[in-house]
Every structure is written in C-alpha cells, then in structure tokens.
Amino acid sequence: MSLDPAAVRRIAKLARIRVDDAELPVLAGELNSILGWIEQLNEVNIDGVAPLAGAPGMTQALRADVVNDGGYPERVLANAPDREGDFFTVPKVVE
Amino acid sequence: MISDFTLASARAALRQRDISALELTNHFLTAIDTLNPVLNAFITVTPDLARAQATAADAALARGEHGPLTGIPLAIKDLFCTAGVRTTAASRILEPFVPPYESTVSANLLRDGAIFLGKANLDEFAMGSSNATSAFGPVINPWTRAGDNRQLVPGGSSGGSAAAVAARLALGATATDTGGSIRQPASFCGIAGIKPTYGRCSRWGVVAFASSLDQAGPIARTVEDCAILLGSMAGHDPKDSTSANIAVPDFAAACRRGVKGLRIGVPREYRSDDMPAEIETMWQQGLSWLRDAGAEIVDVSLPHTKYGLATYYIVAPAEASSNLARYDGVRYGARTDGADLIELYENTRADGFGAEVKRRIMIGTYVLSAGYYDAYYIRAQKVRSLILKDFTDVFAKVDALLTPTAPSAAFGLGERMEDPLKMYFNDVFTVPANMAGIPGMSVPAGLDANGLPLGLQVLGKPFDEETVFAVAQAIETAAQFTTQPSIRAKG
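If you read the protein sequences in the order shown, they are chains A and B.
Following this note's numbering, the residues of the first sequence are numbered contiguously, the last one being 95.
Following this note's numbering, the residues of the second sequence are numbered contiguously, the last one being 491.
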C-alpha cells in the first residue's frame, strides 16, 4: 500500500491542513516511509486477541447529570481570535 | 552553595531558615538570566510571579507552615496550563494562548507551596525526541562531549525541563511522557525522571497529545527529589475520568526500602546487536549493583517488545489527529483568515502547526479513515493487548525490570532530523511502558566514552511506583553519579 500525491491531498483535506501542490510528493515519500515500516505489524498473529483502547483496568467514571461548571462568558471568550458580543465569529457559512 | 542544593536539601535549609525562599528564587532567576540565552530551556520566564510566590512562602515559613514544597522553585513544562501565564505547547498555533485556568497537577504543586520560575521548552505538542521541533527554537543540552564543544540535544519532548534541572536553573520540573518524553531526556541530561502509572496524575489542563498514553511526572536531580515531587503532583481528580481513585503512598519513604529479596527481571528482547557496547556494560553493572544490594536477577522475555514502536506510531498519531482537531482558529489560539470556513481551518492549521505535527496528524487521519481503520488502528490495538500481556505475565514472576533507558547517549543538534524514523528509534526502550500503562523511571548510572551521561530504566507493576523508587534509589546509591554538565549555574 503506497500513497500517491492524490491520496496525500485527500488525507490533508480530511485533516483540514492546506498543503501546496509542490509539497505533496515530499509528504508522500515521508508518509510512505512511516507506513511501510508500520507494515511489520502484519507479521503478528492477532487471532482471537481483543483490542486494547486505553490503559487496562479502568472502569468508566460516572457523575451526576447536572450542570457543574460555566456561567463566565468573559473567561471562555478571552482567547477568541475574533468575537462579537458573547459569540465567536467565523466567515459567513450560509448565504 | 545554592547550586549544590537538591530539592530535599533546599527544603531542609528553608525550614531551618538558613535561606529564604526569596533568596533561593532570586538565585535561580539570575541563573536563568545568564544561561537561558545559551540553553533556551524556558519559553516564558515569570520573575514577578515567582518573587510574589516566594514572598508568600517566606511568610508561611515564618508562621511555621511547612507545606511539602513551600518555597521550592520549579520549572513547569509549557504543556501544563497555568492561569494567567501563556501556555504554548511550543506551537505557533497556541502562541497567543493565556489559559484562564490552572492544570490540576500544577494546582497541586501550588497548593503544596511551590514557586514557578517559568514555562519550560519542549517539542511541539510533545511530539519529538530531541526538542528540535519546538516553534520557539531547540533546547541545548548542558552536557558536551569531552574535548568537543559542539552542541547536543537534551532529548525530548521534555527537553527544556531536563536541561533546566541539569544546568541548576530549577530544583525540579514537571514533565509529561507519552512514549518516553520524561525518561529519555532525563537519561540524556544525567538526571532522574519518572513516568508514573497511567492514571496516577490527572491529565486535566495538560495539553493533550495521545490521551491513552499521556502521563505527567517529575524530573529532578535525585530519585528522592522525584519522589517528593510526585507525592504532590499525584492524586485522584474528578475532572479527569481516567484519573485513578487510589491513595497516594509516601513515595519518599519507599526510596529507603532497599531491594533485599526483590526479584529483578532482565528482558532479553531489550538487547540488540547495534546497541553500543558501553550501554550493555552499564546495564550489566546496574544488575551487579542490585545483586550486591540483595536482589535476585531473573532472565525474562517480553516477546512483543520489537513491535512496540510501530504500534505506538499508529496509536499515538491516531489519538493526536483527534485531539488536535480542536485547533481550528475559532475559539482560541492563532487564526489565519480564509475566504470561507473550510479555508480558515486549512490556513490556520497550515500556518500554526510545524512539519512533525502535520506528519503525525496526517498519519493519524489516514489510519482512522474509512477502509484503513481495521487494517491499521484495530490491528495496532490488538498488538497493544499482546504487549500488555507480556508485562502482566512477567510481573507474575518478578517485582521490577531493569533495562537501558535509551539506545544511545545525547546526539548532536541537527542529527537524525532528515529521517523521521531515525528519530523515532530513540524511544524503543521507553514506549512499551506507555502502551501497557506501567510506571518507568530513568536514573543516571554512568558516563559513555565521550563523557556523556547514560541512564538505566526501572519498570514496575501498575501503581507500584514504590518498588520503582526503591530500585532506582539502589542504583543511584551504588552509581555515585556526581559528574556535572559543562554548562551549569554557579554560586
């Protein structure tokens, strides 16, 4: 499995990272080198093995379904690159 | 001499009022002024805040209030959110970010009376093994090879924390470890550092990289200093659902337990043909020290060790691509405008992230994408299960494991940058502990032929940091490692 520049463009699009056309072949080379090395996992026998998503022995912690934080819009908005009143701003999405 | 203080001896001097917290703090601030232009260990220094905290500490000490860390100046890795103090993760995308809240770990340190000197440099988003990926420039290792003044890397990602402690710019530092980021820089800089069990320290307020692997821990000059710091940093936190509700033992007391009767495992898969002979020699020396102190040495096997790194480079980028999706230029951090919302996202992330972070996000995006998820991500999670089983099986037979921390001593600035895979191999001995969630500590054990420090790694059972500290202390006591780096604060 080898990524061509078109596949790298598709991944960059999914990752929401602008990549210039000139960078695509370089990135493809780097990503292919990493993915090629990762292929070694194919030699491991994983029949009947359950996947491990996180640290072992953890049980899900539950808490009461109540509001336990908030009520300070100035702190929430303090780092906004741009704001209007108590809102974050983005470019116009709907005409 | 203040520069000779360990954290423990400084604490004793503060309690006896032989020195004030303000004197101690001013000493370190002056040392940072002198050496940070050379080492670049700090991204942000907070002298006014540090002096205000020192004055408060002196008032507390005058009232006879001795917190576990009252008056102790520390460096905080710039991955821990600090209220009102810029927190960058060494990334352009967080360059303007000033958190309105304090991470739980740093809040615990403040609760216990610590003083924060500033924010330590790191690899961008903690992704790297040389501190060369920081958007704020590389950190320089305070050590140099004998008769050769070329600059070396401090290791990474906690390179600033390690360099600051090694150069005597702080008594200790916070750090984080996702694949070796505490232990490898500790080894490269001739100091101690422990990654505790996953869940021991809260991750709340720590900028996330790979959430199932990230764990905070201390870096300090001695094993005991690490134990004192971890005692303050650790503890259950309801704000982190993966934080363990397990009591924090007296880690410092565990350092004095000794190793008599302990069974220490030597995993044969950690031996490789291309490992420098002096690392093998030091490993044997470490085993011999433990045997002399009354431990029994046992050969063991961790058959899936060789797959640890490849598994890591699926799991960590997958989690990173998800975690770093939050940097969108809308709610906080840097923004680069675009004609529409998608373009705003793409421009912001293209300008804000460095090359290594982009590579990992893209690898993660790919291995999680439709059609590849089972072949890469699920397969990696199954191999992760097998790596955990290796450790579970071995810990039925032994109390702890001893291995080298890293496959080499510190290397030159700019080396191993051309090929990402070469950089990744730094973490070959440290990554398995993150995959299994177990504690691991690096302790300085000797010097290589060039006069550079080498560390040994102690691995322990989940939530048995006490045995790890006991074994590491036995190594430290036997090694008598007293050599100091060529660049360090004096006075």
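No lab work stands behind these hints, which were simulated from the structure alone.
Treat the hints with care, as some may be off.
Residues from chain B that keep clear of chain A, each with C-beta distances beyond 12 Å, as calculated [as the list claims (entries may be wrong)]:
no.: 1; residue: Ala12
no.: 2; residue: Ser212
no.: 3; residue: Asp292
no.: 4; residue: Ala355
Which chain B residues face chain A? A few, computed with CB under 10 Å, are given here [said to hold, decoys possible]:
no.: 5; residue: Ala208
no.: 6; residue: Ser211
no.: 7; residue: Ala244
no.: 8; residue: Asp337
no.: 9; residue: Gly491
Where a beta carbon is used, it is the ideal one built from N, C-alpha and C, also for glycine.
Comparing the hints with the structure gives:
| no. | hint | result |
| --- | --- | --- |
| 1 | Ala12 | 37 Å, holds |
| 2 | Ser212 | 4 Å, violated |
| 3 | Asp292 | 34 Å, holds |
| 4 | Ala355 | 9 Å, violated |
| 5 | Ala208 | 13 Å, violated |
| 6 | Ser211 | 8 Å, holds |
| 7 | Ala244 | 8 Å, holds |
| 8 | Asp337 | 8 Å, holds |
| 9 | Gly491 | 39 Å, violated |
Consistency note: the structure conflicts with the earlier hints numbered 2, 4, 5, 9.
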